[in-house]
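Going line by line, the protein sequences match chains S and R. Okay, so the first sequence: first residue is 1 according to full-length UniProt numbering, each after it adds one. Okay, so the second sequence: first residue is 1 according to full-length UniProt numbering, each after it adds one.
Don't take every hint at face value.
Pairs count within a copy or across copies, as identical chains cannot be separated in the list.
Said to hold, decoys possible - Here are the simulated DSS-like cross-link-like pairs (lysine-lysine), alpha carbons at most 30 Å apart as the crow flies: (1) Lys-80 - Lys-204; (2) Lys-458 - Lys-417; (3) Lys-204 - Lys-6; (4) Lys-451 - Lys-228; (5) Lys-417 - Lys-312; (6) Lys-228 - Lys-32; (7) Lys-453 - Lys-317; (8) Lys-6 - Lys-458; (9) Lys-6 - Lys-144; (10) Lys-317 - Lys-417; (11) Lys-312 - Lys-144; (12) Lys-451 - Lys-152; (13) Lys-81 - Lys-458; (14) Lys-451 - Lys-363; (15) Lys-354 - Lys-453; (16) Lys-80 - Lys-228; (17) Lys-19 - Lys-317; (18) Lys-317 - Lys-33; (19) Lys-460 - Lys-144; (20) Lys-144 - Lys-417; (21) Lys-354 - Lys-80; (22) Lys-317 - Lys-469; (23) Lys-453 - Lys-80; (24) Lys-80 - Lys-469.
For the record, the hints were derived by calculation from the structure and aren't laboratory data. Bear in mind the structure is a predicted one, so any value in this text is a computation, not a measurement.
Listed below are the residues making up each chain.
There are 2 protein chains.
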Amino acid sequence: MNPQVKAVEYAVRGPIVLKAGEIELELQRGIKKPFTEVIRANIGDAQAMGQQPITFLRQVMALCTYPNLLDSPSFPEDAKKRARRILQACGGNSLGSYSASQGVNCIREDVAAYITRRDGGVPADPDNIYLTTGASDGISTILKILVSGGGKSRTGVMIPIPQYPLYSAVISELDAIQVNYYLDEENCWALNVNELRRAVQEAKDHCDPKVLCIINPGNPTGQVQSRKCIEDVIHFAWEEKLFLLADEVYQDNVYSPDCRFHSFKKVLYEMGPEYSSNVELASFHSTSKGYMGECGYRGGYMEVINLHPEIKGQLVKLLSVRLCPPVSGQAAMDIVVNPPVPGEESFEQFSREKESVLGNLAKKAKLTEDLFNQVPGIHCNPLQGAMYAFPRIFLPAKAVEAAQAHQMAPDMFYCMKLLEETGICVVPGSGFGQREGTYHFRMTILPPVEKLKTVLQKVKDFHINFLEKYA
Amino acid sequence: MNPQVKAVEYAVRGPIVLKAGEIELELQRGIKKPFTEVIRANIGDAQAMGQQPITFLRQVMALCTYPNLLDSPSFPEDAKKRARRILQACGGNSLGSYSASQGVNCIREDVAAYITRRDGGVPADPDNIYLTTGASDGISTILKILVSGGGKSRTGVMIPIPQYPLYSAVISELDAIQVNYYLDEENCWALNVNELRRAVQEAKDHCDPKVLCIINPGNPTGQVQSRKCIEDVIHFAWEEKLFLLADEVYQDNVYSPDCRFHSFKKVLYEMGPEYSSNVELASFHSTSKGYMGECGYRGGYMEVINLHPEIKGQLVKLLSVRLCPPVSGQAAMDIVVNPPVPGEESFEQFSREKESVLGNLAKKAKLTEDLFNQVPGIHCNPLQGAMYAFPRIFLPAKAVEAAQAHQMAPDMFYCMKLLEETGICVVPGSGFGQREGTYHFRMTILPPVEKLKTVLQKVKDFHINFLEKYA
Numbered sequence: 001m002n003p004q005v006k007a008v009e010y011a012v013r014g015p016i017v018l019k020a021g022e023i024e025l026e027l028q029r030g031i032k033k034p035f036t037e038v039i040r041a042n043i044g045d046a047q048a049m050g051q052q053p054i055t056f057l058r059q060v061m062a063l064c065t066y067p068n069l070l071d072s073p074s075f076p077e078d079a080k081k082r083a084r085r086i087l088q089a090c091g092g093n094s095l096g097s098y099s100a101s102q103g104v105n106c107i108r109e110d111v112a113a114y115i116t117r118r119d120g121g122v123p124a125d126p127d128n129i130y131l132t133t134g135a136s137d138g139i140s141t142i143l144k145i146l147v148s149g150g151g152k153s154r155t156g157v158m159i160p161i162p163q164y165p166l167y168s169a170v171i172s173e174l175d176a177i178q179v180n181y182y183l184d185e186e187n188c189w190a191l192n193v194n195e196l197r198r199a200v201q202e203a204k205d206h207c208d209p210k211v212l213c214i215i216n217p218g219n220p221t222g223q224v225q226s227r228k229c230i231e232d233v234i235h236f237a238w239e240e241k242l243f244l245l246a247d248e249v250y251q252d253n254v255y256s257p258d259c260r261f262h263s264f265k266k267v268l269y270e271m272g273p274e275y276s277s278n279v280e281l282a283s284f285h286s287t288s289k290g291y292m293g294e295c296g297y298r299g300g301y302m303e304v305i306n307l308h309p310e311i312k313g314q315l316v317k318l319l320s321v322r323l324c325p326p327v328s329g330q331a332a333m334d335i336v337v338n339p340p341v342p343g344e345e346s347f348e349q350f351s352r353e354k355e356s357v358l359g360n361l362a363k364k365a366k367l368t369e370d371l372f373n374q375v376p377g378i379h380c381n382p383l384q385g386a387m388y389a390f391p392r393i394f395l396p397a398k399a400v401e402a403a404q405a406h407q408m409a410p411d412m413f414y415c416m417k418l419l420e421e422t423g424i425c426v427v428p429g430s431g432f433g434q435r436e437g438t439y440h441f442r443m444t445i446l447p448p449v450e451k452l453k454t455v456l457q458k459v460k461d462f463h464i465n466f467l468e469k470y471a
Numbered sequence: 001m002n003p004q005v006k007a008v009e010y011a012v013r014g015p016i017v018l019k020a021g022e023i024e025l026e027l028q029r030g031i032k033k034p035f036t037e038v039i040r041a042n043i044g045d046a047q048a049m050g051q052q053p054i055t056f057l058r059q060v061m062a063l064c065t066y067p068n069l070l071d072s073p074s075f076p077e078d079a080k081k082r083a084r085r086i087l088q089a090c091g092g093n094s095l096g097s098y099s100a101s102q103g104v105n106c107i108r109e110d111v112a113a114y115i116t117r118r119d120g121g122v123p124a125d126p127d128n129i130y131l132t133t134g135a136s137d138g139i140s141t142i143l144k145i146l147v148s149g150g151g152k153s154r155t156g157v158m159i160p161i162p163q164y165p166l167y168s169a170v171i172s173e174l175d176a177i178q179v180n181y182y183l184d185e186e187n188c189w190a191l192n193v194n195e196l197r198r199a200v201q202e203a204k205d206h207c208d209p210k211v212l213c214i215i216n217p218g219n220p221t222g223q224v225q226s227r228k229c230i231e232d233v234i235h236f237a238w239e240e241k242l243f244l245l246a247d248e249v250y251q252d253n254v255y256s257p258d259c260r261f262h263s264f265k266k267v268l269y270e271m272g273p274e275y276s277s278n279v280e281l282a283s284f285h286s287t288s289k290g291y292m293g294e295c296g297y298r299g300g301y302m303e304v305i306n307l308h309p310e311i312k313g314q315l316v317k318l319l320s321v322r323l324c325p326p327v328s329g330q331a332a333m334d335i336v337v338n339p340p341v342p343g344e345e346s347f348e349q350f351s352r353e354k355e356s357v358l359g360n361l362a363k364k365a366k367l368t369e370d371l372f373n374q375v376p377g378i379h380c381n382p383l384q385g386a387m388y389a390f391p392r393i394f395l396p397a398k399a400v401e402a403a404q405a406h407q408m409a410p411d412m413f414y415c416m417k418l419l420e421e422t423g424i425c426v427v428p429g430s431g432f433g434q435r436e437g438t439y440h441f442r443m444t445i446l447p448p449v450e451k452l453k454t455v456l457q458k459v460k461d462f463h464i465n466f467l468e469k470y471a
């Protein structure tokens, strides 16, 4: 068996999620529990939590799937226009044909136009856009190409701690070296460039740091980076000749009124040609998050900047081995980047649906922060963006001992107890990485408001009991 | 840059296909050529060649995509029944939710029921079914888990020559050792077990052969293995303790009246418990081929037999890092394994459409074989199954010299000339592997009958000219 595969860990679907599945089966079999359902707050899966799909998106998808519907009066003209445009760009006018490995041409053009609008006119080139099978596929493909070397020349990949565990998993798989830089919990999980400097200097003793991964808005930490911070990071990447990976899948998920999303691409261009012609950047987006939450379609794209032509050639070759990303996911991505505009028939309904989802998420972000901070022994930074709370939990020494007796990380022990006693499934901080001796968990804010209130109340009650029990 | 990525080659979308794209752009720009369109006979992409999707499949997909249509009288009840069943098994009743990493439960049940029917009652267990992103994803994931070791203990993976180049590409990527066994062109590309013995013995000098890959029906070679041959292969795998990978994506594409598809799973069970409880097997299927040709949805499944529980755990973990296969592709796979049955409203139309596609393919297989064999300097084995002709071309010494002067493989030189002079894009045999000094190309038989006749006539004329030119 491949030892690098053995070394892979992925907490978001790890042992606690397997346990949740077992408990669900027991409930189905009629086994009595102190709760009647498992609430899967472990994964950012909006529609599984009851969020309704955006009507326009699904209308276009249905028209592309079954083009007979193009004659139906029940579908709006703007949806039909989008569907016709996608289909005319597909082989045989069908979603059932392979696309080019890089993705359907007109969809890459739409992505480039979207990026240009988003970034206030900074140009994007469709040749630099690659459609992907969700963002995970793009991230792992780029890392696969960049990693090389043995011994001290093994590639170092810098990732935030806490991180989204796709990064650590792919780094293990590729036998690269994970170089941790710590986000500053005392300071709303900010990224401090001095910490990047510390990390890269220490790493140079035992590997060759080549790649710097950034997640903004943060997962699991929910911070939104300031423009100043992004400039500092880009300057650092330029100094150290690091390839920047900007995971920006939560770009639509910014809730705090003091925060705005700034793309790395835009800031890079605005810093002038010394940066914009030299720093290598790949940025990632997805259909799975934002307001649409279309996880199942596995749509995504990446934009690459300053990629060496040889690497670009290798990228296309590598993508071609897997033929193409799912064309239905590409179509979903197209609708995300090319939504109805004012004057179009579907604009009003689309805007209403989008704002309803994002408005609710903003409410739930505030609600979660406030409620967690009322609980003794829990501290929660503001949820400026993304879809998760990542509160710090202060565990009594006796709980830590009890966990050790069960050969479990203390936060895993806590989360297992939470699951067993309340049915709420969250992911221990140890699955994302955290400073030694601190404990956290990640919980999504996706359940509907009333349900989320109940969940938070249950966590609070559990936590207070837990503290008493292990006092 | 990753040296293993650099070593990857994938001819089906390689330099000749890039050239085809350039020529298409030139035609669009109005540059005159001896032809008016490029015919992409390089890839098994049925719908791109004008094949219409199966109506029932797309109806169910549209219903799943936009469930409002469940109230529409324009959709048949049996399609609605399928759609409801799929949706009730999805999180939030939506294709937009992530599924379990192994795939939607009820779809895995339907796959197991299909396999049991196909194999005349040999049982299949849904726990052994993994839904995948096309078959390629399953094949590369299993290989990734199985490969290990360095130096003489590096894993050897046995593949047929000629092969489908996914295999060589993944082997390069994983830094495993490719162990070639040659199919017998003189004998309709049969697999001879003595050749397997030779290959494994020679390989043991420099690696640890662990995996045996079989493609049946063959790609690019189109042979259909006899039951006897499959028994011999299984016995050999048992003797040598090899993990069997059976690529059976063309299981519906058998044209020769003397041939039948036998699954490795069925034969394994019928050989008795010594084999059926010991030989490890993974077999693969896909929505992309057969009569449906739904390549763009990237649907597929694999069934694993006798997989060690530890490896099974690693498999689920590895799949979970990529979250899940596209749920729309899973739904497409469901309809392939759970089509309308006699008595259902859509049965007649479904059967007519299916038989029309398969009947046409059988006609085109015979037509292609017959026509190629009329051309001096071309020899083509019967196309017993799959979707390709892989004729041998006898190239004059002067042509081989001219190719060398251009630093090209002789069959690449031939295929480039064919493309430039006729617009027909086929893949040189060197991209699949062939015995030293022999030359071939792979051409799909997917164009509609009349167009295929024109294509074959053009290849014939080109070939005769080519022989004259380099005589």
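Now the hints, each set against the structure:
no.	hint	in the structure
1	Lys-80 - Lys-204	neither (55 Å within a copy, 60 Å between copies)
2	Lys-458 - Lys-417	within (12 Å within a copy, 72 Å between copies)
3	Lys-204 - Lys-6	both (26 Å within a copy, 25 Å between copies)
4	Lys-451 - Lys-228	neither (38 Å within a copy, 61 Å between copies)
5	Lys-417 - Lys-312	between (48 Å within a copy, 27 Å between copies)
6	Lys-228 - Lys-32	neither (54 Å within a copy, 54 Å between copies)
7	Lys-453 - Lys-317	neither (49 Å within a copy, 32 Å between copies)
8	Lys-6 - Lys-458	neither (36 Å within a copy, 53 Å between copies)
9	Lys-6 - Lys-144	both (18 Å within a copy, 11 Å between copies)
10	Lys-317 - Lys-417	between (48 Å within a copy, 23 Å between copies)
11	Lys-312 - Lys-144	both (13 Å within a copy, 24 Å between copies)
12	Lys-451 - Lys-152	neither (51 Å within a copy, 58 Å between copies)
13	Lys-81 - Lys-458	neither (48 Å within a copy, 39 Å between copies)
14	Lys-451 - Lys-363	within (13 Å within a copy, 60 Å between copies)
15	Lys-354 - Lys-453	within (22 Å within a copy, 53 Å between copies)
16	Lys-80 - Lys-228	neither (43 Å within a copy, 54 Å between copies)
17	Lys-19 - Lys-317	between (40 Å within a copy, 14 Å between copies)
18	Lys-317 - Lys-33	between (53 Å within a copy, 28 Å between copies)
19	Lys-460 - Lys-144	neither (43 Å within a copy, 43 Å between copies)
20	Lys-144 - Lys-417	neither (38 Å within a copy, 35 Å between copies)
21	Lys-354 - Lys-80	both (20 Å within a copy, 29 Å between copies)
22	Lys-317 - Lys-469	neither (58 Å within a copy, 34 Å between copies)
23	Lys-453 - Lys-80	neither (40 Å within a copy, 37 Å between copies)
24	Lys-80 - Lys-469	neither (61 Å within a copy, 53 Å between copies)
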